[in-house]
Every structure is written in structure tokens, then in C-alpha cells.
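Asker: Just need the whole structure built from these sequences, with the hints factored in.
2 protein chains.
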Amino acid sequence: MDRIKRNERLAAISRILTASPNRIYTLSHFTEMFGAAKSTVSEDLSILADTFAQFDLGRLTTVAGAAGGVIYRAIPSRAKAIATLEALSEKLSQPGRLLPGDFLYTNDITCDSDLCELMGEILACRYYDKAPDFVLTMETKGIPVAMMTARMLNVPLVIARRDSKAYEGSAVKINYISGDTGTLRGMHDLMKEFDVEVIGTGVVIATAEPRKKRVDGVTALMVLSQVNREEGSAVVKPSDWVYEIN
Amino acid sequence: MDRIKRNERLAAISRILTASPNRIYTLSHFTEMFGAAKSTVSEDLSILADTFAQFDLGRLTTVAGAAGGVIYRAIPSRAKAIATLEALSEKLSQPGRLLPGDFLYTNDITCDSDLCELMGEILACRYYDKAPDFVLTMETKGIPVAMMTARMLNVPLVIARRDSKAYEGSAVKINYISGDTGTLRGMHDLMKEFDVEVIGTGVVIATAEPRKKRVDGVTALMVLSQVNREEGSAVVKPSDWVYEIN
Chain E
156 MDRIKRNERL AAISRILTAS PNRIYTLSHF TEMFGAAKST VSEDLSILAD TFAQFDLGRL
216 TTVAGAAGGV IYRAIPSRAK AIATLEALSE KLSQPGRLLP GDFLYTNDIT CDSDLCELMG
276 EILACRYYDK APDFVLTMET KGIPVAMMTA RMLNVPLVIA RRDSKAYEGS AVKINYISGD
336 TGTLRGMHDL MKEFDVEVIG TGVVIATAEP RKKRVDGVTA LMVLSQVNRE EGSAVVKPSD
396 WVYEIN
Chain H
156 MDRIKRNERL AAISRILTAS PNRIYTLSHF TEMFGAAKST VSEDLSILAD TFAQFDLGRL
216 TTVAGAAGGV IYRAIPSRAK AIATLEALSE KLSQPGRLLP GDFLYTNDIT CDSDLCELMG
276 EILACRYYDK APDFVLTMET KGIPVAMMTA RMLNVPLVIA RRDSKAYEGS AVKINYISGD
336 TGTLRGMHDL MKEFDVEVIG TGVVIATAEP RKKRVDGVTA LMVLSQVNRE EGSAVVKPSD
396 WVYEIN
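Protein sequences, first through last, are from chains E and H.
Counting from 1, position 23 in the first sequence corresponds to residue 178 in my numbering; the numbering is continuous, with no gaps.
Counting from 1, position 133 in the second sequence corresponds to residue 288 in my numbering; the numbering is continuous, with no gaps.
To be clear, the hints were calculated from the coordinates, so they are not data collected in a lab.
Non-contacting residues of chain E with respect to chain H, defined by C-beta distances greater than 12 Å in every case (computed):
(1) Ile237
(2) Glu245
(3) Leu339
Rough simulated footprint, nothing fancy, chain E against chain H, three-plus residues with beta-carbon under 8 Å:
(4) 161–175
(5) 196–207
(6) 266–279
(7) 295–302
From the three backbone atoms N, C-alpha and C, an ideal C-beta is built for every residue, glycine too.
Answerer: Structure (C-alpha cells):
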């Protein structure tokens with residue numbers, strides 16, 4: 156194999172790390188791949204970390220120790236997270252989105268994998284330090300965002316279903332009261348059946364009222380504060396915490 | 156801004172292009188971003204294309220003309236596609252996977268976003284030349300793979316639901332015969348209601364029999380050929396076309 160140049164190594168390492176967020180790659184992975192010295196790869200990673208920081212493309216962190224290496228996390232800057240959610244909020248506040256029953260039409264958002272990826276990137280920020288084992292979602296609407304959040308955290312996505320299916324194998328079934336927070340409550344109850352500790356609850360949009368939710372500690376990307384039935388719209392805004400992302 | 160070095164440009168361009176597969180980026184996008192000349196960025200892209208080819212990281216294609224630029228597609232080599240699907244097939248052929256009713260347990264596969272991404276990369280290869288407008292899937296199991304396929308093709312994901320929901324807005328509802336191919340037939344019928352031309356049908360696993368499916372031209376990643384009820388297993392293999400990927 157010809158000697159691989161730094162240019163080429165950087166292009167390849169960038170692709171490999173960003174395709175597998177929140178996973179430790181050892182230095183040896185890359186020294187073997189490129190036939191390069193550890194010091195050379197270290198320097199590559201340092202250039203990569205600086206470049207990602209400069210262009211707001213996520214964070215590269217070095218992990219010291221025997222199991223050490225490098226981790227890429229698709230953490231957006233505060234400015235990028237705010238810009239993303241303000242644009243989304245504006246779109247969701249457009250007249251005509253409000254459906255009968257005061258539901259907000261969001262299908263065009265959740266069917267867009269780029270938007271779902273951005274939402275997943277932002278939501279995942281809240282959970283890196285808690286290192287969850289999996290992301291649980293309830294079918295169907297939330298699956299794309301939940302999947303992207305799970306991808307960012309590098310954990311499996313578990314989908315709770317409304318009905319058990321023969322092709323799913325054995326199932327634990329619970330009853331719960333339908334509706335937004337009822338569903339969340341039901342998911343928490345389901346986790347109790349498995350002795351699973353819930354370390355956080357993330358949603359795309361929460362309603363501003365009632366402030367005291369049936370489930371504590373809900374992290375919403377956006378908040379819906381009031382509806383205007385006449386023009387079929389709602390006021391949607393990024394959540395307060397987004398303005399304090401570090 | 157300090158002058159951006161080639162190293163840094165390559166690291167950033169690699170991240171940007173691979174995060175948005177099958178999308179045309181103009182050269183000006185990068186010349187403006189880096190304050191670099193067109194010839195410089197062209198050379199960057201040529202290094203990137205060679206590196207991706209060398210390390211089997213997808214393909215970079217230059218599009219000529221006024222609307223020209225560069226497109227990244229996460230197309231795996233034949234060897235990578237075969238290796239991916241042979242490993243998956245082996246996993247799916249393990250004893251104990253066969254559920255009552257001869258269903259194969261696949262939840263551990265479809266909950267893994269990395270595996271879903273790989274499957275999406277391979278499935279998308281079949282549809283680049285046909286340039287679909289969207290990917291349609293039926294809730295729930297197939298959503299992760301369908302989402303990743305849609306992401307690779309850079310098109311929206313449309314999810315057909317078993318029941319209409321108030322928060323989905325107006326709906327067209329059809330009746331269909333349940334079961335694997337029945338569901339596919341129903342999805343085709345649904346598309347007819349919208350005068351949509353179906354340019355292809357992709358599934359993760361098809362059964363070897365009956366050879367003549369209720370829907371023509373089904374592209375399966377893997378084929379299930381026989382079941383062994385005693386050891387609760389099935390024989391799963393990559394589809395023939397995978398061995399002929401270019």
C-alpha cells in the first residue's frame with residue numbers, strides 16, 4: 156500500500172468518526188488502517204478536533220487510559236441549536252397547521268430525515284452524561300426522531316407497540332390512559348415492569364400548560380404556548396434550555 | 156479568518172458531504188465557506204473522491220453544468236455489501252429465532268441504527284437511477300430501515316398507518332388483506348389512489364417461496380429459504396443481486 160498522506164487520512168477519519176457518533180475508536184484502529192505512527196494519528200485527530208470546532212460540525216474528544224481513544228459527538232453549538240429550533244418553530248407556527256382537536260400537523264417535519272437528525276443531535280445533548288442503555292419510543296410518529304437520538308447516543312432504539320404482534324415474540328402488555336402525557340406515564344410504567352430506571356424523557360413539542368406534567372423532568376425541544384383556532388395556528392417556540400446549551 | 160489549510164478543508168468537506176447523502180453541493184458552497192479558489196476546492200474534492208474509493212467509504216461524483224457540483228452517495232463496494240448481509244444472514248439463521256407461526260425475530264436488528272444504516276445504504280443502491288420522490292413504509296417494524304434508505308436517497312419518508320389518527324389530519328383509507336405480500340399489495344393500491352407510480356419495492360427479508368409474489372419486482376436484501384421448527388431456526392441468505400452489485 157502506498158503511504159497514505161495526511162490529507163487522505165483526515166478525509167477518511169472524518170467520515171469514519173462522524174458516521175458512528177458516541178463510539179470510542181482506539182488510536183490503534185487508525186494506526187493499523189493507515190500504517191501510521193501513534194503520534195501521527197494523534198496529530199491528525201487534533202487537526203480534526205480543531206476543524207470541527209471551527210466549522211460547528213460537532214465535537215471530537217480524546218479519552219485517556221487503557222480503553223482510551225477518540226469519540227465523536229454531533230453536539231451543535233448553542234447558536235446552531237437555536238437557529239435550527241427557531242426555524243422549525245416558525246414553520247410550526249404557520250397558519251393552517253392546527254387540526255381539529257387542537258392537534259398540530261407535524262408530519263412534514265418528522266418525515267424529513269435531515270430535520271430528524273438535527274433534532275436528534277440537540278436532544279441527545281441532554282443525555283450524554285447519563286449514558287443511557289437504550290432509547291424507548293412509542294410507535295409511530297416519534298420513531299424517526301427517537302431513532303436519530305439513539306443513533307447520536309450510540310444505543311439501540313426500543314419501540315413500544317400499541318398491540319403485540321406474533322412476529323415480535325413474547326410481550327409484556329400494560330394498560331394506560333391515552334393522550335400525550337398519559338402515553339408518557341404508560342411508558343414509565345412499562346419500564347417499571349422491567350426494573351429499568353428512566354434517566355430522562357425527551358419530546359419534540361410540549362404544551363406550555365399544565366406546567367406540572369404527569370411525568371417529571373420532560374425535556375422538550377419546543378413548547379406550544381397558545382392556539383389561534385381562527386387562523387388555525389399555534390405559537391411554538393424553542394424551549395428555554397436551548398438558549399443555555401454549552 | 157485565518158487561511159484554511161487543505162487538511163482542514165478536507166476534514167470539514169468530508170463531514171459535510173457525508174452527513175447529507177445524495178445532495179448536490181455547488182463548488183461555490185465550499186469556495187465561500189473557505190475563501191478558497193474553485194480550482195483549489197476542485198482539487199480537494201478529487202483527493203476526497205480517491206480517499207473514499209480507497210477505503211470503501213462511499214462515492215463522490217462530480218456533476219457538470221450550471222447546476223453542477225458534487226454529490227456524495229453512501230454506496231458500499233460489492234465486497235462490503237456481501238460481508239454486511241452475510242454477517243446479518245448468519246445472525247438471523249441462529250437457532251431460537253423462529254417464533255410461533257414461522258415468524259423470524261428481527262427486533263434486535265431493526266433497533267440497531269448502525270445496521271439499519273448499512274441496510275439502507277445497500278437498498279438505496281437499487282434506486283439512485285430511478286430518482287424516487289419519497290420512500291413509503293407501513294408502520295412499524297420497517298420504519299428504521301425505510302428511514303435510513305430515505306436518508307441515503309435524500310427524500311422524505313412517508314409512513315402509512317393502520318388507522319388514521321386525529322393528529323395526522325385528513326387521510327385516505329383503504330382495505331387490504333393482511334400478511335406480508337398482502338400489505339405490499341395494499342401499499343401499491345394506496346399509491347394508485349394518489350396516481351403515484353411505484354418505481355420499486357424493497358424489503359429486508361423475503362421468503363423464497365412463492366417465487367411469483369403478489370407484487371412484482373420486489374428487491375429483498377435477504378431471502379429466507381427454509382425453516383427448521385425443531386431448532387427454531389430458518390435459513391437466511393443474502394439475495395442473489397447483492398453478489399452482482401457494481
